[in-house]
Amino acid sequence: MDSDDEINSVQSSEDDFMDDEDSLGEDFDAVEEPDDFGFSQDKDIKPRKQAYEVDFKVWGPGQIQDQQDKQVEEVSAVIGQPTESTAILLRHARWNKERLIESYMDKRDEVLESSGLSEDKEGSASITKADDFMCDICCEDGKDLDTFAMKCGHRFCVNCYRTYLASKIRDEGEAARIKCPGEGCERIVDSKSLKLLVTEDLKDRYHELLTRTYVDDMNNLKWCPAPDCTYAVECGVKQKDLTKIVPTVTCSCGHHFCFGCSLNDHQPAPCMLVKKWMKKCEDDSETANWISANTKECPKCHSTIEKNGGCNHMTCRKCRHEFCWMCMGVWSEHGTSWYNCNRYEEKSGSDARDAQAKSRQSLERYLHYYNRYANHEQSAKLDKDIYLKTEKKMTQLQSSSNMSWIEVQFLQEASQALQQCRQTLKWTYAFAYYLARNNLTEIFEDNQKDLEMAVENLSEMFEKSTDQLAGLKVEMLDKTSYCKRRRIILLNDTAENLKSGMILIIPNS
Amino acid sequence: MANRKRIVKELSDVTRSPPPGTRVQLLDESDVHIWEVLMDGPPESVYVGGHFKIKVTLPTDYPFKPPLLSFTTKIYHPNVSNDDKGSMCLGMLRSDEWKPANRISAAIEMARNLLIAPNADDAVEVSIADQFKNDRAEFEKIAKDWTKRYAGKA
Ligand SMILES: [Zn+2]
Ligand SMILES: [Zn+2]
Ligand SMILES: [Zn+2]
Ligand SMILES: [Zn+2]
Numbered sequence: 001m002d003s004d005d006e007i008n009s010v011q012s013s014e015d016d017f018m019d020d021e022d023s024l025g026e027d028f029d030a031v032e033e034p035d036d037f038g039f040s041q042d043k044d045i046k047p048r049k050q051a052y053e054v055d056f057k058v059w060g061p062g063q064i065q066d067q068q069d070k071q072v073e074e075v076s077a078v079i080g081q082p083t084e085s086t087a088i089l090l091r092h093a094r095w096n097k098e099r100l101i102e103s104y105m106d107k108r109d110e111v112l113e114s115s116g117l118s119e120d121k122e123g124s125a126s127i128t129k130a131d132d133f134m135c136d137i138c139c140e141d142g143k144d145l146d147t148f149a150m151k152c153g154h155r156f157c158v159n160c161y162r163t164y165l166a167s168k169i170r171d172e173g174e175a176a177r178i179k180c181p182g183e184g185c186e187r188i189v190d191s192k193s194l195k196l197l198v199t200e201d202l203k204d205r206y207h208e209l210l211t212r213t214y215v216d217d218m219n220n221l222k223w224c225p226a227p228d229c230t231y232a233v234e235c236g237v238k239q240k241d242l243t244k245i246v247p248t249v250t251c252s253c254g255h256h257f258c259f260g261c262s263l264n265d266h267q268p269a270p271c272m273l274v275k276k277w278m279k280k281c282e283d284d285s286e287t288a289n290w291i292s293a294n295t296k297e298c299p300k301c302h303s304t305i306e307k308n309g310g311c312n313h314m315t316c317r318k319c320r321h322e323f324c325w326m327c328m329g330v331w332s333e334h335g336t337s338w339y340n341c342n343r344y345e346e347k348s349g350s351d352a353r354d355a356q357a358k359s360r361q362s363l364e365r366y367l368h369y370y371n372r373y374a375n376h377e378q379s380a381k382l383d384k385d386i387y388l389k390t391e392k393k394m395t396q397l398q399s400s401s402n403m404s405w406i407e408v409q410f411l412q413e414a415s416q417a418l419q420q421c422r423q424t425l426k427w428t429y430a431f432a433y434y435l436a437r438n439n440l441t442e443i444f445e446d447n448q449k450d451l452e453m454a455v456e457n458l459s460e461m462f463e464k465s466t467d468q469l470a471g472l473k474v475e476m477l478d479k480t481s482y483c484k485r486r487r488i489i490l491l492n493d494t495a496e497n498l499k500s501g502m503i504l505i506i507p508n509s
Numbered sequence: 001m002a003n004r005k006r007i008v009k010e011l012s013d014v015t016r017s018p019p020p021g022t023r024v025q026l027l028d029e030s031d032v033h034i035w036e037v038l039m040d041g042p043p044e045s046v047y048v049g050g051h052f053k054i055k056v057t058l059p060t061d062y063p064f065k066p067p068l069l070s071f072t073t074k075i076y077h078p079n080v081s082n083d084d085k086g087s088m089c090l091g092m093l094r095s096d097e098w099k100p101a102n103r104i105s106a107a108i109e110m111a112r113n114l115l116i117a118p119n120a121d122d123a124v125e126v127s128i129a130d131q132f133k134n135d136r137a138e139f140e141k142i143a144k145d146w147t148k149r150y151a152g153k154a
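Top to bottom, those sequences are chains A and B.
207 is the number that the UniProt record's numbering gives to position 207 of the first sequence; each next residue is one higher, with no gaps.
114 is the number that the UniProt record's numbering gives to position 114 of the second sequence; each next residue is one higher, with no gaps.
If you are wondering where the hints come from, they were derived from the structure by calculation, not from laboratory data.
These numbers come from a predicted model, not from an experiment.
Accuracy of the hints is not assured; some may be wrong.
Said to hold, decoys possible - Calculated cross-link-like contacts (lysine-lysine; reagent style DSBU-like; alpha-carbon spacing at most 30 angstroms):
| # | chain 1 | residue 1 | chain 2 | residue 2 |
| --- | --- | --- | --- | --- |
| 1 | A | 70 | A | 129 |
| 2 | A | 179 | B | 55 |
| 3 | B | 55 | A | 151 |
| 4 | A | 143 | B | 55 |
Stated by the list, open to error - Here are a few chain A residues that sit away from chain B, every Cβ distance over 12 angstroms (derived from the structure):
| # | residue |
| --- | --- |
| 5 | 61 |
| 6 | 68 |
| 7 | 99 |
| 8 | 134 |
| 9 | 139 |
| 10 | 154 |
| 11 | 166 |
| 12 | 179 |
| 13 | 192 |
| 14 | 203 |
| 15 | 279 |
| 16 | 319 |
| 17 | 396 |
| 18 | 443 |
| 19 | 500 |
Backbone N, C-alpha and C fix where the C-beta goes; we use that ideal spot for every residue, glycine too.
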């Protein structure tokens with residue numbers, strides 16, 4: 001019930017949110033058992049939390065199992081069922097302890113029955129031979145065929161039942177809620193039946209999946225989406241808070257992701273805008289494709305120019321014209337107060353009287369943001385490529401000269417900062433597309449511009465030759481920390497305004 | 001192959017009593033895993049008068065995995081992908097909803113029912129679904145036009 005409420009009320013009111021902010025803290029503390037898992041010290045080491053950061057905790061596979069066992073023991077003591085059966089009941093109740101205990105006290109037999117635990121023997125899980133039987137799955141028949149059926153009476157040969165369960169467990173990763181193979185039957189294959197039927201080689205996988213469902217069923221737990229990562233992250237941010245908070249968490253494996261939607265870090269844009277934006281980009285991909293292409297013409301001499309680094313400061317090889325890759329404007333204007341590459345200039349209303357002009361205008365507006373969004377994504381990739389090349393050269397340099405490994409570390413740090421800042425910038429454009437104009441948007445755009453300039457300045461340094469780079473260490477370190485600072489300022493400002501409801505979203509854009 | 005018995009039985013059942021308005025045959029007599037369904041546009045649908053070919057491909061682990069349905073005749077429909085595959089994948093045709101006890105004839109019947117009543121809420125072609133919901137007249141016009149153009153011959 002709780003979880004339904006949460007999903008339905010994504011558009012919560014201001015008051016709602018404030019209430020929840022309080023309970024968020026409580027929820028979080030409640031699960032934090034002192035000294036149990038050795039996390040308590042971490043808090044002291046962490047620097048003071050920024051406005052855009054949320055509290056979270058990373059759990060390893062063993063700890064998740066412990067957490068699960070603890071809950072089972074707790075409930076087992078209350079309802080007086082053995083732990084094995086309690087685990088089945090809890091899984092069936094999607095780990096909602098309170099609801100399970102309540103309904104168990106209320107209608108014990110019904111609860112046991114629906115989890116496949118009812119005590120009367122009749123028709124319950126056992127492998128038998130049946131007369132006059134034809135398996136509906138393989139169409140084999142015969143008296144000697146081993147068959148199996150749950151209480152629903154949908155009887156199949158054991159081979160088919162096994163193949164079915166194996167394909168669910170192995171291919172689809174199902175465990176706790178596999179349905180009876182019978183046509184239209186909703187009955188869940190209970191753990192006892194599974195125990196009877198699942199073959200040895202699948203048992204490990206089956207138990208692993210049961211742990212998976214535990215995390216999936218808990219609203220405050222999420223798996224780290226990084227490939228092969230086995231950690232889960234706990235965070236108290238609720239579904240309905242997601243319009244006001246962008247809960248980015250960092251797994252122990254190093255992956256940054258959004259606790260709300262499990263996508264890669266998309267700060268400062270809230271989840272629902274990210275979803276909307278990605279849908280829009282998908283729908284409009286053909287229109288926008290030409291924009292993100294890797295080659296363009298020099299705005300002056302029209303010779304083809306290819307972009308091979310992340311930096312947007314372009315110089316035409318032929319005519320030496322310097323321009324900005326994003327807006328194709330003269331670059332010299334970008335370093336000054338004239339800079340407005342990030343801002344979309346709304347055309348005056350009189351231009352857009354007829355429908356066609358309006359639709360062209362709305363496309364232009366979209367392309368303005370899309371262009372910059374896609375460009376930062378692309379540039380982040382190019383930045384990385386160029387860094388990897390540089391790193392290789394630096395390693396060579398290091399072995400031929402006397403530079404230590406530590407001395408080239410600044411490059412890696414700069415590269416990581418660039419990646420992260422471009423990631424943020426990318427999403428500022430998706431975000432800005434949905435922003436209604438008010439005085440805060442100007443501040444947002446100023447922050448965006450400052451970060452963007454900082455990033456381009458740092459990015460440009462990567463295009464220097466290797467021997468030059470060694471001498472630029474101090475400057476590069478400076479620029480790196482400046483980028484990081486600008487990013488934090490932007491994220492903090494935006495997070496605060498989002499939280500207080502000062503940032504307005506254009507309805508139905 | 002373990003599933004051969006089942007497939008052969010299904011095939012003989014469905015050739016003997018096919019779902020209304022359809023005929024079923026093997027595309028190639030030597031391969032029981034590829035069926036061809038000839039479906040008349042249902043009289044109560046906008047596809048009336050059309051003759052549609054649907055290719056049914058049975059995966060090697062059929063019936064534990066669902067059959068694949070694809071319209072080889074071009075059709076304007078929110079639940080059929082508007083590409084060279086013409087695939088239909090919803091409801092029982094999804095692997096998480098498919099039950100090994102389900103029959104291909106039920107899948108064919110579902111496809112036929114979708115011609116009568118498209119499911120715009122679970123569409124592959126979102127723009128066709130939008131049109132179906134918001135501009136039914138235009139949807140019907142195009143669907144009829146395509147039927148005439150691509151599904152005219154039996
Ligand atoms: Zn069987
Ligand atoms: Zn059943
Ligand atoms: Zn991880
Ligand atoms: Zn998110």
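message: Quick check for students: does the CB of residue 99(A) sit more than 12 angstroms from each CB in chain B?
response: Holds, since 25 angstroms exceeds 12 angstroms.
message: Next pair to validate is residue 143(A) with residue 55(B); report whether the Cα-Cα distance is within 30 angstroms.
response: With Cα atoms ~37 angstroms apart, residue 143(A) and residue 55(B) exceed 30 angstroms; violated.
- prompt: Does the claim that residue 203(A) lies off the interface hold, with its Cβ farther than 12 angstroms from every Cβ of chain B?
  reply: Non-interface label stands for residue 203(A): nearest chain B Cβ at 20 angstroms, farther than 12 angstroms.
Interface exclusion of residue 279(A) relative to chain B, criterion Cβ beyond 12 angstroms: With a cut-off of 12 angstroms, residue 279(A) comes too close to chain B, as the shortest Cβ separation is near 9 angstroms.
message: According to the definition I'm using, a residue is off the interface if its beta carbon is farther than 12 angstroms from all beta carbons of the partner; does residue 166(A) meet that for chain B?
response: 9 angstroms, violated
field: residue 500(A) non-interfacial with respect to chain B [C-beta, more than 12 angstroms]
entry: 35 angstroms, holds
- request: Check the non-interface label on residue 179(A): least C-beta distance to chain B beyond 12 angstroms or not.
  value: 7 angstroms, violated
- request: Measure nothing beyond the straight line between the CA atoms of residue 179(A) and residue 55(B); if it is 30 angstroms or shorter, mark the hint as holding.
  value: 29 angstroms, holds
- prompt: In terms of Cβ atoms, is chain B entirely out of 12 angstroms range of residue 443(A)?
  reply: Given a closest Cβ separation of 36 angstroms, the condition holds.
field: No chain B beta carbon within 12 angstroms of residue 68(A)'s
entry: Label holds. Min Cβ-Cβ 25 angstroms, cutoff 12 angstroms.
query: Does the structure keep residue 55(B) and residue 151(A) at a Cα separation of 30 angstroms or less?
result: Status violated; Cα separation ~37 angstroms.
message: Is the claim that residue 154(A) lies outside the interface with chain B correct, judged by CB distances over 12 angstroms?
response: Violated, because the least Cβ-Cβ distance between residue 154(A) and chain B comes to about 7 angstroms, which does not exceed 12 angstroms.
In summary, the numbered hints that this structure violates are 1, 3, 4, 8, 9, 10, 11, 12, 15.
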